[in-house]
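Chains as they are written, first to last, in my numbering: chain A, 1005 to 1174; chain Y, 139 to 289.
Read the hints as simulated data drawn from the structure, not as lab findings.
Only true hints are included.
To give a feel for the contact side, a few chain Y residues facing chain A, derived at Cβ under 7 angstroms:
#1 H149
#2 S156
#3 G164
From the three backbone atoms N, C-alpha and C, an ideal C-beta is built for every residue, glycine too.
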Amino acid sequence: MADDSTIEGRGPVTTLATPIRLDFDFTPGIAQSVFLRGLARGRFMGQRCPKCGKVYVPSRGSCPTDGVPTTEDVELANVGTVTTYCVVNVPFAGQSIEIPYICAQVLLDGANLSFMGLIQEIPTDEIRMGMRVEAVWVDEADLTPSLASVKYFRPSGEPDADYESYKEYL
Amino acid sequence: MAEHEALHASHVLEYPYSRSVGPVIGAFLTGLREGRLTGVRGAGGSVIVPPTEYDPTTGEDTGELVEVGPGGVVETWAWVEQPLPKQPLDHPFAWALIRLDGADTALLHVVDAGDPGSIATGDRVTVRFRPEADRVGSMADIEAFVPEGSA
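Bound conformation, chain Y alone (with noise of 0.2 angstroms):
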């Protein structure tokens, strides 16, 4: 009897939190939002991307800012089949790891490849920015990298 079944509601937990970027991050996320993609110099010469206050290796300051891309090689990729809600695309595509041109390390990020086979490590993507209007200082300013020649 309805009496005794159970109820139901939606219940939304969420906390607002706004960070602080700080120097190098906020000026890889102004890039972004400007259409560029950022590196730092770190230690030996090397580009990081995305660029990080301080060498991972040597814990050194990091030093000037470099532009990278726009294209770059996929490192190494997994294909989502059926994304989640609240994932960047609504439709199959990859999370890979992207070495940009200009690069010593890969960023994570999607690629809109249409299908797995149209994806392989080693492959050449570029970066394809949401409208300058929609694009607000952050990661998904990115839409997605997509395969060179395609975009």
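So here's chain A without its partners, still in its complex pose (with noise of 0.2 angstroms):
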């Protein structure tokens, strides 16, 4: 039997690499930088439509409802309340977190948009509506311009906000 060391040992082809690869320089724009660069300073930083006054967090540079630019910078609280959250029991494809865990959508105080967070620091069966949690932010040496600076949030140990405070941003 001829070794791998030779063409003729190498056996016929079989199989035949073909990898597709994109390359993009991605830009978040410049709304979304301030987000991002308030991630990098351990902030999160949204923006205030001049005409309805909600702030948006992530701020995508514009109002959704009345068309106008946000251009007021508005920095949030580190705390913030659960809406809705999916416990996550099914493995999946590139799973990088350990099942079971709480994703949430969380509504930070001062803003009027939700954003999809994990939830640690708690059994599943104790996640709830309403429950207060607190962002957890990983070292300030590995803080980065990235949602991977917020390790996950907690519960902060205030008491379950009112349903009424945040029953429009379900």
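Combine the two chains into a complex, taking the hints into account.
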């Protein structure tokens, strides 16, 4: 039997590597760059609509209701309210977190838009709507302009928020 | 001000596909790795290069493998003055349909002709393989075709 070091020893070709690769130069735009730079400082940055006064985080640079640019940057609190959540029990390809885990929509104090966050440091059967949570950040040296700077949210210990305070954000 | 400038980052999207090539294309690629060009006999005795499992006109199974080349004729060509980063050569070249000696169909590959005045339809070209140690069983095992007599 010929060894693998000679062409004849390699056996017939049965497969062909055909990688498809796309190289992007990605820009998140000016408004989301404000948000991302905030993450690199360990802060949540949003933007306020000059017409309706709503604060979007992350901001896309304009108010979807009024169609006007959101030019005023607003720093938001590190705490917020779970408006709704999902306990993930199903494994899937590329999963990076050990199941079961909680994926929740978090409405930061001062914001009028919730965003998705991982909830940790709580048994999955204790998560509930209205739970108050706080962001846990990576070590200061590891902060980057990316959502990876937020490790997760955990219960803040405050009493649950009143349903009326977040019912518009479900 | 810097706070209101857009960030940029490189972002790579890549799918590492690996295809099964089957017995006929597999034989063709194995041939390339060994420095040979292979076609297959189709219905009516025509020789198809690169080989296919089925005759493109009748759909019948193709037959025996046939060695072709290493020379051939340029059937048509297009000059690339400014190659893109992932194209086969980093200097100007021609894409060409090349009908190899013994074949009835043409193969699409590169002609390393130097300048567009040095290639014409009907010209004879010959294959230039990569060094044996670099060949893996791929179309890129053929580095290029070159004008006959220049190799």
